[in-house]
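Participant: What follows is the residue order along each chain.
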Amino acid sequence: MADKDEDLPRDAKIVQSLLKSMGVEDYEPCAIHKFLVLWYRYVVEVLTDAQVCSKHASKTAIDCDDVRLTIQSKVNFSFSQPPPREVLLELAWSCNKMPLPKSLAGPGISLPLDKDTLISPNYQL
Amino acid sequence: MDEDQVLGFVTAYLRKKGFTQTEHAFQEELQQNKNTSSANSLVEPDIAKQILSFSKLESGPARFHDGYSRLRSWAYSSLDLYKHELLRVLYPVFIHCFIDLVAKGHIQEARNFFNIFREDHDMLHLRDLQKLEGVLSPSHLQEMEFAHSLRQSKFKIKICEYSYELLLQHLHNTQSTTILGIINEHIDFQVTSGQPSAISDDPEAVTLCGSSQDAANQINQKEMHWGLLEDSLEERLEKSGALLSDSEKGEGEAKEGENEENKKRSIEGGKQGASIKKVKKEKGGSASGKSAKPETTPAAPRVKPELPLPIIQTEVEQSILEDLRNRVQLSSVALPSVSFYTFLNTHNGLSCSSISHDGSLVAGGFSDSSLKVWDMAKLGQQTVNSLSQGENDTAQNEQILGQSGGRRQYTLFQGHSGPVYAASFSPVGDFILSSSADSTIRLWNTKLNANLVCYKGHNYPVWDVQFSPVGHYFASASHDRTARIWSMDRIQPLRIMAGHLSDVDCVQWHANCNYIATGSSDKTVRVWDVQSGECVRIFIGHRSMILSLAMSPDGRYMASGDEDGTIMMWDLSSGSCLMPLVGHTSCVWSLAFSCEGTLLASGSADSTVKLWDVTSSAKLPRSDEKGGTTNRLRSLRTLPTKSTPVSSLRFSRRNLLFAAGALARNG
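From first to last, the protein sequence lines are chains X and A.
Following the UniProt record's numbering, the numbering of the first sequence begins with 1 at its first residue and continues without gaps.
Following the UniProt record's numbering, the numbering of the second sequence begins with 1 at its first residue and continues without gaps.
So that you can see chain X by itself, here it is in the shape it has in the complex (with noise of 0.2 angstroms):
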C-alpha cells in the first residue's frame, strides 16, 4: 500500500517531521513503519502497566504517576544509559588497583584456560 505524503496517517506525519527537526533529511520509507511500530508497541506496553499500577492502587483511573512510575520500572531494560560517571571511576579505580601480570607463559599461542575458551566441544556424547 503505496502512501503519498498527503494521505498518510496522522501518526505517520508525526514520525516525519520528528525526523525533520533531529536533522534527518535521508531515510527510506520503511523507516517510518519501523517508527511507528516501535511507537505504538512501547506506549501499549507502558500503559497496560500503568493501568495495572494504578488498579493496586485502587485508582479509578490512570494517573500521571502510575505512568511515570513504569516508566521508572521499564528503563533498566530498554533505553538503558551507560552507568553514571561515579560508578565508572569506582569500578575503574578497584580494576586499576591490581598489579600488571609480571611474566607471561613461554612461546607459544598464549590463550586464556580451555574452559574460557571457544575450542573445547560444546557437547557431550
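Calculated from the structure, these hints are not laboratory results.
Predicted model, so just to flag it, every value in this text is computed and none were measured.
Just so you know, even glycine gets a beta-carbon here, dropped at the ideal spot from N, CA and C.
Any given hint could be a false lead.
Stated by the list, open to error - Simulated coverage check for chain X against chain A, where a stretch passes if three residues somewhere in it have a Cβ under 8 angstroms from a Cβ of chain A:
(1) 13-25
(2) 84-90
(3) 112-124
Got chain X sorted already, so can you dock chain A onto it with the hints?
Facilitator: Then chain A, alone, in the frame of chain X:
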C-alpha cells in the same frame, strides 16, 4: 519620591508575581485609605529609577529579541577590520538569550528567536544548534548535559583592544542591559593589544572554558614518557649498523649509547643522559658522517615496557628485519605508492575494514555480524597461476576467480550477534580481533580459521579494538564511556580507563605500549597510562566527535581526525595542538603515519586520500611569518577515488600505503 510611584511598583510587583487576590485586596484597601495621609518615604530618585527599571526588566521576553537584533545589526555594519572579532561575540549571546528565554518559560518566543537568528551560526555550530533545537522547556534544560555545561562555563573570546572598546561603547550607549548582563555573565574576554586578527586563523579564538579547561591544564602538567621502547627491533637493527638512517636517526643513535642505563627521566627540554656508559664504535662512525639538521628536537630516552612483552619468534623477527632493511624512505618529495582495495557489492553492509601489517590480509566487518578476511597474496597468486596455465589444465578450474562455485575467496568468520564495528590484526598477522554491537570482542585465528576466545566485559557496543604494536595485548573502546586494556590470555580486562564524558569512539596504542590514546564523542582526546590507568593528557580543540587516531612512530606526535574533516596534530609532551590540518570536507575515517614519521595519510568519507607533510606541520607557527595562508599548505597530495569513502589505511613496514573502502553508489 512619589506616592504614586510606590503604588505603581507595588501593583506591578503583585501583577508580575501573579498575586491576583492580593492585588484586588490591595486595590480595595487603597480606595479606602485614599483619604488618610501617607507617610513620606525618603528614597533617592536614582534608586527609584532602578526599581522601576527592574520591575520592567522582569517582563517582556521581547527585550532579548530586540537587544540581540540590535547587537547583530551593529556588528554586521561595523568596519571590516573589527567585524570578524565582533561577530565572534554573537554566538555566545545568541545561545544564552535562547536558554534564558526557555528558562523563563517563554517557549514560543524562544522558538521564534531561534528560528529567526540561527542561519548566521549554522555553518560553524550546526551540531550544537541541532542539540539545542530540541530544548523546549525548563526541565529539558535541567536534564540536558550540554545545556547544563553551557550554563556553568564561560566562553573565552580573544579580542583586540579596539574591538573591545567598541563593543562596550555600543552596549552602554544603547542601554541594552540584558545583553550586557549576558555578556558579563557568560563571556570571558581575553583582551590583546595590537591589530585585530584575521578570520578564524586561531582555532582557539572562541573556546568554551570553565572547569573542563582548567582540569585539562592540570592534567596536562603530568609527566609523560613518550620515548620509544628499549631493545625494539628497530633499535637492534640500527645497532648492527645495517640501517642507513638520516640525520634524525643519527642523533637518536648517539643517545642510545648514552642511555644504556635504564632510568626513566622527565622530558622537559629533552635532557640527555648524564653519563656515557658505552660508546659504540659503529655508531660513532655513522653519526659523524651525517649532516646535522638545523632544528630537530632530541628524542626522549627509551623507556622500559610496563607490560611484559611477548617473545618474537626467530622467523618472524627475521622477516621483520628484512622488511625494515628494504624499507622505502618517504619524504615530502618521495611520496608513497598506494594500493587500494575496494569492496564491491556490499549493499551498505560494510561497517569496518582493516588491513594487516604487511598488507596481505584484508578484513571486512559487516552489519550482518560476519567478519570476512581476504588473503590478497593468495588471490594474487591465483590470478598469476590461472593466467600462466593454458586452458587445457583442469587442475586450476576450482580456483578460477569470480566463478567460485562452492569455493569462497574469503574466509568467513561467524560468531557475533551484532554488526562488527572494528577489526584489528595482530602484528604478525595470525590473529584477528573483532568487536561488535553485541558488546563482545572475539579473537579469531587466521591459520586455523576458528574463533578462539570471546571476551565479555563491556555491556554496550564496542566501537573500536586495537592490537598493541607488539601483539598479545589489545585495547577496546565502547559506548559505556570506558576503554579497557586486555591481555589475550585473560578474559577479564587488565585495566579500565574511565573518565570520558561520552562514548569512546576510537583507541590507539602509543609506540612504546605504555600509553593508549582514546578519542571520544565529547570532542576530546585523552592519553592514559597503562600502568596506573590514569589520564595523563587531555587534548581539547576538536569541534565534533573524533573518529580516528594515529600515533607517530617516534612517539612524539599524535594526529586525530573528526567528523567535520579537521585533522589536528598534537604534541604529546606539552599537550598542545600544533596544527589543525584542514582540507577534507567530510568525516576522516582513518589516519596513518609513515614508518619514519615524515608523512601522514588521511582517508575520508569524501572519497579521497590526502598526504600531509609532518615535518613542516610540526613546526609551531612563528608570529613573524607573513601571510597566514602559508601555514595551511601542508597537504602534499590529494588522491581522489571514484566514489569510495576510505575506511582504513595502513603503511606496511616497507612504506607501501594500503587503503580499503567500499564502493558507494552515486548519490
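Participant: Now tell me, hint by hint, if it's right for this structure.
Facilitator: Checked hints:
no.	hint	result
1	13-25	holds (count 3)
2	84-90	holds (count 3)
3	112-124	holds (count 5)
In this structure, none of the earlier numbered hints is contradicted; all agree with it.
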